[in-house]
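Trainee: The primary structure of each chain is shown beneath.
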Amino acid sequence: MDRTNRFWRIVLLALPLTVFGVLVVWPLFTSFYYSFTNWNGFNESYDYVGFDNFRKIWTDHLFYGAIVNTAIWMVAAIFGPTVLGLTLALLLDTNIRGAKIFKTIFYLPICLSSIVVGQIWIWIYQPDWGLLNTMIESVSGEKFNFAWLARPNSALYSVIIAWSWQQTGLAMVVYLAGLTSVPSDLLEVCAIEGASTWQRIRRVILPLLTPSTVVVIALSMINSLKGFDILYIMTGGGPFNSSDTLAMFMYNESFKKYLMGYGSAISVVLFLIALTIIGVYFRQLKKVDEIYG
Amino acid sequence: MANLTRRGLLASAVCVPAASVFSSAFAAGGEVTISHYFTGELGLKAFDAQIARFEAATGYSMKDSPVGHEDYKTDILVRAAGNSLPDVFSYWAGARVQFIVDSNSLRPIDDVWKAAGLDKTIARSIAESATIYNDKRYLVPLNYHYAGVFYNTSVLADAGVTEMPTDWDGFLALCKTLKDKGVTPIALGSKNRWPAQFWFDYLLLRTAGPDYRARLMAGDASYDDPEVRKAIEMWKSLIDAGYFVENANADTWTDAADKVARGDAAMTLMGTWITGYWDGLGLEPGGDYDFFAFPTIDANVPNTSVGPVDGLVISANAKNVPGAEAFLEFMVSNVEVQADWSKAQGALSANVNVDPSNYSPVMYKAFQTVADSQAFAFNYDLATAPPVAEVGLSMFARFMDDPSQVETILPQVASDAKAAFAQ
Chain A
10 MDRTNRFWRI VLLALPLTVF GVLVVWPLFT SFYYSFTNWN GFNESYDYVG FDNFRKIWTD
70 HLFYGAIVNT AIWMVAAIFG PTVLGLTLAL LLDTNIRGAK IFKTIFYLPI CLSSIVVGQI
130 WIWIYQPDWG LLNTMIESVS GEKFNFAWLA RPNSALYSVI IAWSWQQTGL AMVVYLAGLT
190 SVPSDLLEVC AIEGASTWQR IRRVILPLLT PSTVVVIALS MINSLKGFDI LYIMTGGGPF
250 NSSDTLAMFM YNESFKKYLM GYGSAISVVL FLIALTIIGV YFRQLKKVDE IYG
Chain B
4 MANLTRRGLL ASAVCVPAAS VFSSAFAAGG EVTISHYFTG ELGLKAFDAQ IARFEAATGY
64 SMKDSPVGHE DYKTDILVRA AGNSLPDVFS YWAGARVQFI VDSNSLRPID DVWKAAGLDK
124 TIARSIAESA TIYNDKRYLV PLNYHYAGVF YNTSVLADAG VTEMPTDWDG FLALCKTLKD
184 KGVTPIALGS KNRWPAQFWF DYLLLRTAGP DYRARLMAGD ASYDDPEVRK AIEMWKSLID
244 AGYFVENANA DTWTDAADKV ARGDAAMTLM GTWITGYWDG LGLEPGGDYD FFAFPTIDAN
304 VPNTSVGPVD GLVISANAKN VPGAEAFLEF MVSNVEVQAD WSKAQGALSA NVNVDPSNYS
364 PVMYKAFQTV ADSQAFAFNY DLATAPPVAE VGLSMFARFM DDPSQVETIL PQVASDAKAA
424 FAQ
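Residue numbers (the numbering used here), protein chains in the order written: chain A, 10 to 302; chain B, 4 to 426.
Please keep in mind that the hints were generated in silico from the structure rather than gathered at the bench. Among the clues, some could well be false.
[Stated by the list, open to error] Derived DEER-like restraints, expressed as beta-carbon distance ranges:
| id | chain 1 | residue 1 | chain 2 | residue 2 | range |
| --- | --- | --- | --- | --- | --- |
| 1 | A | Phe-38 | B | Ala-425 | 27 to 33 Å |
| 2 | A | Ser-54 | B | Pro-305 | 37 to 43 Å |
| 3 | B | Asp-228 | A | Met-144 | 30 to 36 Å |
| 4 | B | Gly-245 | A | Glu-151 | 55 to 61 Å |
| 5 | B | Ala-425 | A | Val-289 | 35 to 41 Å |
Yeah, the Cβ is synthetic: ideal placement off N, Cα and C, and Gly gets one too.
Go ahead and model the full structure; you've got the sequences and the hints to work with.
Mentor: As structure tokens, this is what we get:
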């Protein structure tokens, strides 16, 4: 390698690597360290408690609730936007009138911050005068004031709907880009040969959209793992921990109960889960790459 | 009009901000950093006005960073962990201050207290209960609040209520009268959980008494004791009778206050800060709203008032200690500051030199009620250790959601609280 080239590579990589090291790698290792302590986040002194925090995790009923919620969140947050985004892309790719306007409208939520989206949906779900209950009232003709975000059975799903509303635009744009690479002559041949719309989608379009699907699922997965802010603003993990995901649970234990050691142990578990999921995903990605080049 | 060259404009652009930075940094006493939770409806404008008074009187420059009430609880922890606490910050007296005193994050203020003669300025009951931790003084009380049953006067008048209840039977009769008239008797906004705590506090204090409550708060009693069970059962009887608003967990305390102000509900158990909020909406104290003390349940149990004390503390690593100490002394000793601040915030002043006639009729009644009480107790989340308070606050929200689960909730909370105390 050219010596000047190597020099510039080192120089240009030094800054981002340092930032990454300080902001990501170092906190990661300190989390591992604190997970073996009873540090409360305040005191300068703390004790080494071995695997006590990890033992506590397995007996903590709130942890199991958080695990189940995380699984629901990830599955819904991946499949919801993917399916909706694909459906919208297929509908808008048919040259319907005003397609550009619709594309802009559906993409708009992704430009908003999750906090703004969360606040909009808090208003939509407001029991007494929110849009949703008002609409249900208009249709049913009866008073309806269900508190979507304040009931344990509906809080998590209500947030997932808000999340999917925001993320669908991103999936739609990726699929629309993918659809431009589907050869129109191939679709014409299908039509001439008498293939139905569903057959064209199922047998031709979807297989050709596999690279787009890989990207959409990757983005949805990464975003769902990071999906903390919308949950924080809409429910804060409540009511009474019913919408706690692992990230929310970790935050509440660390910063509200002041159990930083225990919170660190939860973060280690969350890290291992994320690592496993991403590992499995990359293995699948490699297979797709081998097929599609 | 004078001609402005591009060079001149550039020079101005650089010099003006620089001058403002230098002027604050080199103000007579230097810069004092402060953080507090008096935002929005909790008195941001009034607090800023008192800061301006301090700056004008002393020459110190205050660098202010307010944080919303709920986020503040976490914000201070994060800043303490990173050794980046401001010089001065507001905090709730009680278990929360004890927690950060134990972590050596605060600077003792015994010298300031003595030099300023605050023993003669601060009400003795507040000074003894709110300022001393581990045998040293750490906090000056900026103001205190009292939790009472605040009501819409016209709603009660329309229902034919002329006399406010003083005992439990009278309270139940009032609720029934209102309910029969088609008015929801009690508004509660427990979305952020803490507004529900006053029901637990008063029901427990009025039945089991302050000594038992203090033992429960310290971890020497259990949440599945008969005393706690009795208080919760009384609370449940009110919910089962349909006296509380629907969806309490969906509302904030201001939503509940709005419901009472609009007449959608008759009353709400809340701290005196609700008067600041209602006054801000243009309601007339004594005319549009009033309050009565939480009724007596057992005449043999000492009459205790509940409320928080807002205080100011100095961080252990304060950069400008003289400035921070001067600010604490000024804010608590200056009678005009105390009078204006307590009036604007809907609070009671801990400064005995503040003329009670400064208060609105409602606040004066609150002042008298606290003075006539046999004891003053911090509300739940300031009376017990923060990790335990988290367990209890979640219990209140869960209970409000489904009171029929009380037999499941109490043993679970007893176990979780015990574990939290152990940590």
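Trainee: It remains to establish, for every hint, whether it holds in the given structure.
Mentor: Status of each hint after checking the structure:
1. A hinted range of 27 to 33 Å for the beta carbons of Phe-38/A and Ala-425/B is consistent with their spacing of about 28 Å.
2. Distance hint for Ser-54/A and Pro-305/B: a CB-CB separation of about 39 Å, consistent with the stated range 37 to 43 Å.
3. Roughly 47 Å separates the CB atoms of Asp-228/B and Met-144/A, a value that falls outside the hinted 30 to 36 Å.
4. With their beta carbons about 19 Å apart, Gly-245/B and Glu-151/A fall outside the hinted range of 55 to 61 Å.
5. For the pair Ala-425/B and Val-289/A, the supplied restraint of 35 to 41 Å holds, since their beta-carbon distance comes to about 38 Å.
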